[in-house]
Amino acid sequence: MAALTDLTIAQLTSALADKEASAVEVADAHLAKLDEHRALNAFITETPDKARDMAKASDARRAKGEAGLLEGVPLAIKDLFCTEGVQTTAASKILEGFVPQYESTVTANLWKSGAVMVGKTNLDEFAMGSSNMTSHFGGVENPWKRKGDNRKLVPGGSSGGSAAAVAAYMVPGSTGTDTGGSIRQPAAFCGIVGLKPTYGRCSRWGVVAFASSLDQPGPFARTVEDTALLLQAMSGHDPKDSTSAPLPVPDFAAAARNPDIRGMKVGIPREYRVDGTSEEIVALWSKGMDMLKSAGAEPVEVSLPHTKYALPAYYIVAPAECSSNLARYDGVRFGLRVPGKDLTELYENTRGAGFGKETRRRILIGTYVLSAGYYDAYYKKAQQIRALIARDFKQAFEKCDVLLTPTAPTAAFAAGEQMDDPVAMYLNDMFTIPASMAGLPGISVPVSLDKDGLPLGLQLIGRSFDEETLLRAAAALEKAASFSARAAGY
Amino acid sequence: MSLDKETVARIARLARLKVPEEELAPLAGELSGIFAWIEQLNEVDTSNVEPMSSVSDVTLPMRADKVTDGGIAAKVLANAPGGAVFIDPSDKNAGGFFTVPKVVE
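Chains as they are written, first to last, in this note's numbering: chain A, 1 to 490; chain B, 1 to 105.
Hints were generated in silico from the structure; no laboratory data involved. As the structure is a prediction and not an experimental result, all values here were calculated from the model. Be a bit skeptical, because a hint or two may be false.
Which residues of chain A face chain B? A few of them, derived with a C-beta cut under 8 Å, are [what the hints assert, rightly or not]: (1) V86; (2) E103; (3) S212; (4) L247; (5) R337; (6) Y347; (7) Y368.
Each residue gets a CB set at the ideal place from its N, CA and C atoms; glycine is no exception.
Let the sequences and hints guide you as you build the complete structure.
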């Protein structure tokens, strides 16, 4: 049998069911990988003792014939999900040392299905960033490197630690959250699969809030089927999140196992052909369409006229909601506290010392656009544009079943590149943000390597609450691309 | 749209965020760049567009108004920076106080 850490989630669960390995052995094999690749800085907190306890309990459940969907599968959890009794930081100094007394709904669902937590992964501070460089705990290193170039590359962000951990075979799957591309872009940069579900599919309860109208938890894995298995366990209506959709959870894994896309209409949005996209990615995009066409799909040219406005509108909506959400970090009730001569100064000192530069920048933008007299000019305008973006997608989906686009305009870049100009950094998310603004599900699938040997991904976008069609198309793309490259040394 | 140092200082005050004096000017430059880029939204005529209030078409349900949780006073108070104070130390679920260091004179 292959090494336990080389197995997919589907393979692991059958190896466990066939008693070829115990959950404790599986956990130990993955914990050894955490030791081996600690230099990637993918984790903020490792939880080996908890992992072994959970694995032991999992073996006991299996012995009693009570195995769940993910029984004994080790997972890494983005350090934005509150985990009972385990430090949860959002990669911010202001929350360092915070130990929640409750478990987020998504992680509780995963544990209910038998999964085992090995640790909490690194991210951009409060999930704000596309590089993982804004973490208070230092950046994460992408396991991939350019051929003949030893420079460290970023894993993307914000869920960079979760993506790097899967790409480095430290875990077969992990959780992320996606506000403007924070699952799909790091998945593309690390050569793995990442899925942002429809807004409302997975509960946000217990997830540290960044932009509440956009945030959505979702899974990372190395195959589309594994991603579907994780999504299935994570999803479901949660009365504790008022925006959680009261819908039944379909059999996502079955959809992912059915890559039959004959007759499926795949939309190619012409507005996604934008300057600044690398030529290789443009070529990859048409190659992806050819793959789906060979599998029986029909390409359809569609138009999403307001695409170019999604990004600037996002940079009003997300900072505005961030400035409201992050108002709770005041140094009084929990987290960091820096004294001052009066209460106002205590707030200012605490927040000045506790937030990093990108978080501070976004709080300031958000505070400005929500300040007296500017609401209509900015937030209302952005929400109107958002309505137009959603309408564009609705009209496009009258002509097609899924959309195919690049995930990111470039492959992974080096730490320090593209860091000086915030707007240039924001452009990294230009292909992922429109679907976020409309609340639609999207998935990034690794398709090939570029001339430097770095992975490139394509994004599929689906109709609202139609992750099944999305997963079928993703499975077909995965099958046609048969991407099997691994980062050297991992 | 260009923001000056004074405007950044004013927003920082509104956000209760201490920004060192020497960082105000560079921040004003960065934020001006971001707002100049955001200006392109004015190209779009939104005069008859209803602003989006929810991305979801699903009608969100009301939940029954009943107690579904409780008896966890010790957990609720566990992270109190001033420590937990219980009304009856022998019965931690009887309730108590979430205390913080003094914030009012």
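Hints, verified against the model:
1. V86: violated (14 Å)
2. E103: Violated: closest Cβ of chain B sits about 11 Å from A:E103, beyond 8 Å.
3. S212: Violated. Min distance 11 Å.
4. L247: holds (7 Å)
5. R337: A:R337 check passes; min Cβ-Cβ to chain B is 7 Å, inside 8 Å.
6. Y347: Nearest chain B Cβ about 4 Å off; hint holds.
7. Y368: At about 5 Å, which falls below the 8 Å cut-off, the nearest Cβ of chain B leaves the hint on A:Y368 intact, so it holds.
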